[in-house]
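J.: Next come the chains, spelled out residue by residue.
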Amino acid sequence: MVASTNSRISDDMFTDEVIADPYTYYGRLREEDPVHWNEQYSLWVITRYDDLVWLTRHNELFSSAVFKNDPKPPYPTIYDSDLGLYEFVREYQSRQFIQHDRPAHLDMRKVVHGYFTPRSMEEWRPMVRDAIKDLLDEAEERGSMDVMRDFATPLPLLIIAQMMGVPKQDRPYIREVAEKLLYVGRGEPWRMQNFSEGIREMIEYVTPLVEERIVNPQDDFISVLARGEREGVFSREQVISNSSLLLLAGHETTINLLCNGILSLIRNPAQWEMLREDPEGMHVKATEECLRHDSSVKSITRIAAEDVELRGQVIRKADRIRWFISSANRDPRKFPNPDDFDLTRWPNPHVAFGAGIHHCLGATLVRVEGQEAFRAFAERFNALHLDTTEELEYQPSITFRSVKEMPITWD
Amino acid sequence: MARKLRITVDHDVCVGNAMCETFATNTFALNEERQSEAVNPDGDPLSQILEAADNCPVSAITVADAETGEKLFP
Ligand code: HEM
Ligand code: HEM
Ligand code: SF4
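Quick mapping for you: the protein sequence lines, in order, are chains A and B. When we follow numbering that gives the first Met the number 0, the leftmost residue of the first sequence carries the number 0, and every step to the right adds one. When we follow numbering that gives the first Met the number 0, the leftmost residue of the second sequence carries the number 0, and every step to the right adds one.
If you are wondering where the hints come from, they were derived from the structure by calculation, not from laboratory data. As the structure is a prediction and not an experimental result, all values here were calculated from the model. Take these hints with a grain of salt, some might be off.
[Unchecked claim] Here are some chain B residues the structure puts well away from chain A; computed CB gaps all over 12 angstroms: (1) ARG2; (2) LEU4; (3) ARG5; (4) ASN39; (5) PRO40; (6) THR67; (7) GLY68; (8) GLU69.
[Said to hold, decoys possible] Short derived list, chain B residues pointing at chain A, Cβ under 10 angstroms: (9) ASP11; (10) ALA17; (11) GLU50; (12) ASN54.
[What the hints assert, rightly or not] Ranges between beta-carbon positions, derived for each pair: (13) A/ASP15 to B/ALA63: 53 to 63 angstroms; (14) A/GLU211 to B/PRO40: 40 to 50 angstroms; (15) B/ALA63 to A/GLU211: 43 to 53 angstroms; (16) A/GLU389 to B/PRO40: 57 to 67 angstroms; (17) A/ASP277 to B/VAL12: 18 to 28 angstroms; (18) B/ASP41 to A/GLU137: 52 to 62 angstroms; (19) A/SER41 to B/ASP64: 52 to 62 angstroms; (20) A/GLU196 to B/ASN39: 47 to 57 angstroms; (21) A/MET126 to B/THR24: 28 to 38 angstroms; (22) B/GLU31 to A/GLU196: 44 to 54 angstroms; (23) A/GLU211 to B/VAL12: 34 to 44 angstroms; (24) B/PRO40 to A/GLU137: 48 to 58 angstroms; (25) B/ASP41 to A/THR23: 49 to 59 angstroms; (26) B/GLU31 to A/ARG199: 42 to 52 angstroms.
Beta carbons are placed, not taken as given, at the ideal position from N, Cα and C, and that holds for glycine.
Make a model of the complete structure from these sequences and hints.
T.: Here it is, written out as structure tokens:
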């Protein structure tokens with residue numbers, strides 16, 4: 000089945016090499032076996048741009064109800080003693096609309112979609128700018144910064160908590176719970192204990208906030224979800240599950256965009272200069288290129304809803320599938336010199352946010368955050384340097400492209 | 000008589016999210032490639048068409064008055 004010219008491509012997607020550099024491994028699959036059956040994890044690995052676009056737009060063929068419908072055991076493996084916890088996690092996750100198909104998905108998404116239009120996100124721009132300024136002022140006073148810990152982590156939390164109407168004093172607690180939940184997709188066999196503990200704490204935290212908004216609607220986002228319950232679209236459990244989804248959604252992903260983007264700018268001084276010379280003119284394009292070049296989300300799963308043929312392979316009903324954004328966004332058939340980080344690339348039709356009916360709800364918000372962050376760095380600093388001689392380490396996740404830490408200096 | 004509209008969908012950016020179709024069912028439809036087409040520029044009331052344009056997550060839709068050229072969205 001594998002058309003490799005020299006050696007068979009290993010199916011172990013969690014080796015240190017693949018985690019450190021997903022581009023070589025998934026790039027090779029893209030060129031040699033774009034619809035690849037991974038024996039070890041019993042799943043299809045899809046790596047070409049065109050196939051991703053086609054697959055994500057054919058939601059009737061590829062189900063998103065993965066937790067509900069996947070008959071196979073979790074991967075990588077977890078402790079047997081944790082299988083009960085896994086069921087709990089599955090049950091909770093399967094209530095979120097990211098894990099639903101039509102028609103239920105549409106009803107749920109409609110409730111929240113209007114809040115995230117490009118126009119309404121513009122209204123948050125001044126607030127985003129202020130939050131960035133405060134964080135960078137603090138960093139300058141200290142004289143050092145770990146981009147991950149001191150900038151990229153607090154920023155999205157400050158913004159989303161303000162949008163959702165979470166009281167200021169509760170933010171450190173949210174962050175703590177988030178850390179447990181953000182083990183998402185990391186390979187440790189004990190990860191279910193953290194998830195289920197985090198989920199329980201999140202439910203406990205969000206429940207009174209939701210109950211209060213049901214009685215007393217305000218103009219925050221939890222109230223928008225609560226309205227969904229009054230209109231009969233959501234059950235109470237779903238309001239709670241989706242509130243916590245949105246509170247943490249995109250947290251890890253936004254952190255990754257900011258860290259990976261700054262890293263690309265550090266490693267490509269000519270591009271950094273271009274941004275510095277014209278932050279106003281370049282901040283939008285720069286953000287899109289950061290989203291494409293070192294994408295926050297590496298891959299997403301689906302379950303085949305029926306037998307589907309793709310590039311001569313037959314994907315059977317109930318087979319699981321993983322589509323790789325990281326290789327699609329580097330597909331030379333779509334992007335000339337795909338490995339180059341090039342801020343002038345335009346248009347830039349990357350699939351960092353997926354496509355089709357599940358296209359990222361938070362994309363409009365993240366774009367504002369990325370644009371303002373990259374602009375602020377370029378306006379404030381002459382040059383950025385990594386403050387370490389070691390190679391940066393990445394979380395062993397198949398889903399997220401997350402650096403563990405990222406100390407920098409500047410002048 | 001309702002005004003005549005000129006509606007465009009930029010296929011360089013449309014991601015097939017289908018929100019336009021959801022808000023203005025008679026005006027927009029997804030094609031073979033699952034990208035939106037304005038199949039009937041007076042399929043729905045103007046307010047609904049503008050709501051559809053506003054709800055496009057990638058701002059792919061423009062709406063203008065076909066006779067005067069006046070921009071109605073964005
Ligand atoms: C750089 C940051 C982000 C990236 C790269 C990203 C990426 C993605 C991707 C690839 C999907 C598609 C999932 C699928 O098809 O199954 C998605 C969906 C989603 N994202 Fe994001 N995301 C980011 C930030 C955010 C933020 C900040 C939020 C919330 C405010 C958010 C909320 C969502 C939701 C709710 C969905 C599910 C949409 C649906 O099923 O209709 N994301 N995101
Ligand atoms: C409160 C918010 C969230 C919680 C608590 C949560 C929790 C989880 C858990 C427990 C898993 C299972 C991981 C495993 O089996 O190893 C998972 C997987 C995953 N989540 Fe989330 N998640 C949240 C939000 C999101 C959002 C917004 C996105 C989209 C950007 C997302 C994308 C994913 C993906 C892609 C996976 C990998 C599962 C797969 O595709 O096989 N999650 N999540
Ligand atoms: S809402 Fe926008 S992205 Fe979605 S199908 Fe319509 S035009 Fe395309």
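J.: Between B/ALA63 and A/GLU211, does the beta-carbon spacing fit 43 to 53 angstroms?
T.: Since the Cβ atoms of B/ALA63 and A/GLU211 sit about 45 angstroms apart, the hinted range of 43 to 53 angstroms holds.
J.: Starting from the hint 40 to 50 angstroms, judge whether the C-beta atoms of A/GLU211 and B/PRO40 obey it.
T.: 45 angstroms, holds
J.: Within 48 to 58 angstroms or not, the Cβ separation of B/PRO40 and A/GLU137?
T.: Because 52 angstroms falls inside the window, the suggested range holds.
J.: Could you tell me whether the CB distance from B/GLU31 to A/ARG199 stays inside 42 to 52 angstroms?
T.: Since B/GLU31 and A/ARG199 have Cβ atoms about 46 angstroms apart, the given range 42 to 52 angstroms holds.
J.: Between the beta carbons of A/GLU211 and B/VAL12, is the distance compatible with 34 to 44 angstroms?
T.: 39 angstroms, holds
J.: Does the Cβ pair B/ASP41, A/THR23 satisfy 49 to 59 angstroms?
T.: 53 angstroms Cβ-Cβ, so the 49 to 59 angstroms window holds.
J.: For the hint 53 to 63 angstroms, verify it against the beta carbon of A/ASP15 and that of B/ALA63.
T.: Since A/ASP15 and B/ALA63 have Cβ atoms about 55 angstroms apart, the given range 53 to 63 angstroms holds.
J.: Test the statement that B/THR67 is away from the interface with chain A: the closest C-beta pair must be farther apart than 12 angstroms.
T.: 23 angstroms, holds
J.: Is the Cβ of B/ARG5 farther than 12 angstroms from every Cβ of chain A?
T.: B/ARG5 is indeed farther than 12 angstroms from all Cβ atoms of chain A, at 21 angstroms.
J.: Confirm or reject the claim that A/MET126 and B/THR24 have a C-beta distance inside 28 to 38 angstroms.
T.: At 35 angstroms between Cβs, range holds.
J.: Starting from the hint 52 to 62 angstroms, judge whether the C-beta atoms of A/SER41 and B/ASP64 obey it.
T.: Hint holds: Cβ distance 56 angstroms, inside 52 to 62 angstroms.
J.: Far enough from chain A: is every CB of that chain over 12 angstroms from the CB of B/PRO40?
T.: 21 angstroms, holds
Hint compliance for this structure: every hint is met.
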